[in-house]
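Undergrad: Since chain A is already given, all that's left is putting chain B with the ligands on it; use the hints.
Each chain, letter by letter, is given below.
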Amino acid sequence: MDLFEPTRQAFALLVSGEPRLWGIIWVSLWVAVLAIGVTAPPAIIAGFALAKLRFAGRRVIVVLMQALLSFPTVVIGLVVYLLLSRRGPLGAFELLFTPWAIMLGYIVIALPILIVFTVATVQGADPRIYETALSLGAAPSRAALTTLWEVRFGVMAGIVNAFGRVVSEVGCALLVGGNIAGLTRNIPTAIALETSKGDFAQGIALGMVLVVLALGINVALASLQGRGGLE
Amino acid sequence: MRPPLFALSALDKRFGARVLFEQAALQFEAGHGYVVTGANGSGKTTLLRMIAGLEGAQQGTLAFRDAQATVYEYPEAWRREIVYVHQQPYLFHSTIEKNLEYGLARRGIDADQRRIRVREALEWAGLSDRRELPPHKLSGGEAQRVALARAKLLDPALLLLDEPTANLDGEARQQVLELVTALCLADHTVVIASHDPEIMRLAILDRMVLAGGRIRME
Ligand SMILES: Nc1ncnc2c1ncn2[C@@H]1O[C@H](COP(=O)(O)OP(=O)(O)OP(=O)(O)O)[C@@H](O)[C@H]1O
Ligand SMILES: [Mg+2]
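The listed protein sequences correspond, in order, to chains A and B. Using our numbering, read the first sequence as starting at 1 and increasing by one per residue. Using our numbering, read the second sequence as starting at 1 and increasing by one per residue.
For the record, the hints were derived by calculation from the structure and aren't laboratory data. Honestly, I wouldn't trust all of these hints.
Examples of chain A residues toward chain B, derived with CB under 7 Å [unchecked claim]: (1) 128; (2) 131; (3) 134; (4) 138.
Which chain A residues stay away from chain B? Per the calculated CB distances, all over 12 Å, these [claimed, not checked]: (5) 41; (6) 91; (7) 165; (8) 193; (9) 198; (10) 201.
Built from N, CA and C at the ideal position, the CB exists for glycine as well.
Only chain A is shown next, with the shape it has when bound in the complex (with noise of 0.2 Å):
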């Protein structure tokens, strides 16, 4: 087959600007962003808890946490889809097929994946920081804040790969938005649906501007720690 055509047009789609394509990168890209948004906050607070905190069922919840990172994203999809479907508990807020419903998938697969990561950062920080940071006078939560940013980049490479992790799957986005073109059809759908039409340069087109994506984040993290690390 040739590839060289496709690849071509795909180029040319991509340059022209086209509507259609680039806001299927939109959705892909609002959605995401706002789901690890909300989603570290709470995330990297938990994380630094499970870590230092001594209390009842904290290795049951990291554990849990554990295991959940390796779940399926479309059986999450499947859960999510049962929980907003017509009859599920949250059927009321009509959310299923709306972007609004990959968010929420989205927030279920990138919390273990902050939490976990943070907890990991944590749990090998120093542990000089905190006590530093107290004994300076520091409430604990601002030395909880202080040890975070001291160990900043492992906390942001938890951000990095929640965020491509979420980016990048397509059964959850495609169970729970129902791939309808202009509301829920974001990158990766829109790539399974193209290429099954026989469409490539579409396919080709989305699956290079993910791929620059996920590896334009990872090259940002490693230049800041370049600069701001320890050499």
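TA: Chain B with the ligands alone, transformed into the frame defined by chain A:
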């Protein structure tokens, strides 16, 4: 008689089966300096950490000024006045100035005041020409001096130093010794865990020895 600045009584501290303190007690008078000695593993570090509220214990009563507390419910407010410096201090990965500012900012001191006090402290520690360096580029002696300056500029009622000269030798050790001596000569109440003979020889310091689960004044 004036009540002591700080007192600790009926202290029991164990790590598993290892008993470090059993019904131990101590007192610090305001304006005095103390050196805490004892064999390796006798509990010097642990004792300072408990006084600073960084470590709990099975039992123990604390008194600071007019207030009372227990070792397992350390009052938040005391941390503003009782400052502990690790044997190998941790410096935040920013600038030396930010490190020195940290405690002042937590006390709500405004930026102008902070700048003045940071500059004074840098001068005191002989670090004025080092202010631009990121902390991880400092030598061990310089890092210890930053940590001493960072604690001193908070003007703590009780300053706890854990083996400030232990990892140093030569000129670096002399410089830190000078700062420690200066702290003891000023009216700070300083408690130093150390077996550095030169610190133990400082005539202004009262000696405390840890042995057999007790704290003995000499
Ligand atoms: N978190 C801990 N868990 C278990 N044991 C501990 C802990 N911290 C200290 N210990 C033990 O308590 C004892 C006293 O330790 P500590 O560090 O207070 O001694 P030290 O007098 O400061 O010794 P050094 O002169 O080597 O600094 C040691 O035997 C140590 O192994
Ligand atoms: Mg020690």
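Undergrad: Could you run down the list of hints and mark each one as holding or not?
TA: Comparing the hints with the structure gives:
| no. | hint | result |
| --- | --- | --- |
| 1 | 128 | holds (4 Å) |
| 2 | 131 | holds (5 Å) |
| 3 | 134 | holds (6 Å) |
| 4 | 138 | holds (5 Å) |
| 5 | 41 | holds (22 Å) |
| 6 | 91 | holds (47 Å) |
| 7 | 165 | holds (28 Å) |
| 8 | 193 | holds (47 Å) |
| 9 | 198 | holds (54 Å) |
| 10 | 201 | holds (48 Å) |
Taken one by one, the earlier hints all hold for this structure without exception.
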